[in-house]
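Chains A and B, in that order, give the protein sequences. Under the numbering used here, think of the first position of the first sequence as 1, with each following residue one higher. Under the numbering used here, think of the first position of the second sequence as 1, with each following residue one higher.
These are computed hints drawn from the structure, not numbers from a lab. Given the structure is predicted, the values throughout are model-derived calculations rather than measurements. You can take every hint at face value.
Cβ-Cβ distance ranges computed for the label pairs, FRET-style:
no.	chain 1	residue 1	chain 2	residue 2	range
1	A	D77	B	M50	46 to 54 Å
2	B	L153	A	P160	32 to 40 Å
3	A	S324	B	P28	28 to 36 Å
4	B	L153	A	F151	24 to 32 Å
5	A	E301	B	G253	50 to 58 Å
6	A	K251	B	N303	54 to 62 Å
7	B	K66	A	N15	33 to 41 Å
8	A	E252	B	K66	25 to 33 Å
9	B	Q320	A	G196	33 to 41 Å
10	B	N337	A	G102	32 to 40 Å
11	B	Q178	A	K300	38 to 46 Å
12	B	G49	A	F151	30 to 38 Å
We put the beta carbon where it would ideally sit given N, CA and C, even for glycine.
What follows is the residue order along each chain.
There are 2 protein chains.
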Amino acid sequence: MAIKKLGKQTIKFLNPPSIISTATTVGPKEGEGPLKDYFDTIIYDDLYGMGSWEKSEAKIQIETVKQSLKKINLKEDDIEYIFGGDLLNQIIATGFAARDIGAPFFGLYGACSVMSEALSLGAMAVDGGFADKVVCIASSHFSTAERQFRFPLELGNQRPVTSQWTVTGAGVSILSSQGNGPYISHVTTGKIIDKGIIDPNNMGAAMAPAACDTILAHFRESGLKVNDYDYIATGDLGVIGSEILIDMCKKEGLDISKRHTDCGVLIFDNKKQDTHSGGSGCGCSAVVFNGYLHYLLENKEINRILLIATGALHSTTSAQQGESIPCIAHAVTISNNLGGEL
Amino acid sequence: MAIKKLGKQTIKFLNPPSIISTATTVGPKEGEGPLKDYFDTIIYDDLYGMGSWEKSEAKIQIETVKQSLKKINLKEDDIEYIFGGDLLNQIIATGFAARDIGAPFFGLYGACSVMSEALSLGAMAVDGGFADKVVCIASSHFSTAERQFRFPLELGNQRPVTSQWTVTGAGVSILSSQGNGPYISHVTTGKIIDKGIIDPNNMGAAMAPAACDTILAHFRESGLKVNDYDYIATGDLGVIGSEILIDMCKKEGLDISKRHTDCGVLIFDNKKQDTHSGGSGCGCSAVVFNGYLHYLLENKEINRILLIATGALHSTTSAQQGESIPCIAHAVTISNNLGGEL
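Based on the provided sequences and hints, a complete structural model is requested.
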């Protein structure tokens, strides 16, 4: 038991779960971005044939789960647990998707940190011997998020330069104790960090301190070095949040600048696509990881990444009551090769 | 591994985690109810000295965690994980509490099923060897829930006879691999069940089918019998939902009538306190379990219960879009004695 626990926040798996399938669905804007060739499905109508954006987001989840199962000839009945969530109040996209799929379901809320929260808990369930086929899922939708957290889209509000563009999409990983990798070897679980940011149009700045805290804990506790990773990939700090993160880590004596990337920076061409500071949302890290980064791992173009999905638990209610934005970041190590320093 | 997995939804722990401490805080109305002597703290001002009901709910969580730690001489720094949630959008009560406590945090959303969702995942973390001191927490607050899900309190809306009263309160369990019980021996994880109920003032009827589905799965898979339990305690079906549950189970050939109780029925004197169908909210099962039922177990007045917290993932957005209410129920077996049929 002592071997599994490396430090206050970090655990190491004795039988690292394998990611045996992934799938992604993205919206029209993501389907025109630089990563478009790495996604399984691009929808060209963000209502996806449904009567509302919320129903569309649920359908995106359902179809993405089906695709991840189809790739490895599994049926919905083979799923032992779903770990998942989204940004919507009462996580309705995931709730309705879980209703359709019909598997035992653990609902999560970690704002945009859900993908790595789900991978953390899913991997614990597999390594702990509680299940062998676990679905981890996260989604977001530009139109459902904007109207819930900010303003009705019809207002046509001007977006400040610090704002980010919520990704429309869902990403799924299926974990198993059997498989040939990539493997989840380490998990570093985040704490709530809140440095007093109150601007809901500057989420990157709000979340950077949480990412920094988790990354520092990871390297302090795991014994791994920055150079052991091909990428240290944060979820959705965007351009501005990424700069802040790199600066904050440097001040603490950790230089991640050569290995750092951010899913929110990768997914859009900010200049051509007018997305300002970059992409955001649970779906951002979910589709960039399960689409692009997983592809690079599977094809041995890279060997190991640290995925740190970052969440801002922004609430319109608490914001109106003068509260700042509590943030969290969960880190997961995903490797092809478990030898050497692992 | 085969030993842990008893069926599609049910697992059995090889080293059943022990509940080493509990604590509860309740509001004024709960403090006048039939269980008042079993709660640690009764607050007589539902703002708890704070500027808003939401801040009050966060403070209730923080103080309840502190009390659960104090009882066994632990410090906040000893907590390895917090598993918790509440009913509020972006689970802000739990988010702000986790910010204050500063421990690694997994945010959950399962509506009123959170207490048993947290116990399920917390027990998996302990049995799996990932942690040894885990805090499981859930809360709700009458005034935060009413205005979020129904109407502003100032409207003074009339409450239909099927309506329930959201409990103000928080309950905490601390789990550990060491301890003398009560132990968590089995977990049966629920699926989303939705029988088409659309009335947000009839949550008991909406949730009863989910409770029935999980209870049937539990007895089918665990090998345990109804008479192995002193109580089969649902979370917050209330009077009406409880009757529906007992009928539904009977139709499926399972008579739970002699062992069934419901936290929502126990917590208020419905006639004297004008609570109609009974109590509800994440806090309902959290305080009745961690207060009353845990007391009975600890004092050997009973030996074993099945706790089935029940959640209605009701959303005002999806309700306005014509959707019915997806529900879920998670069951956890809590025993003093692991011998015999266990």
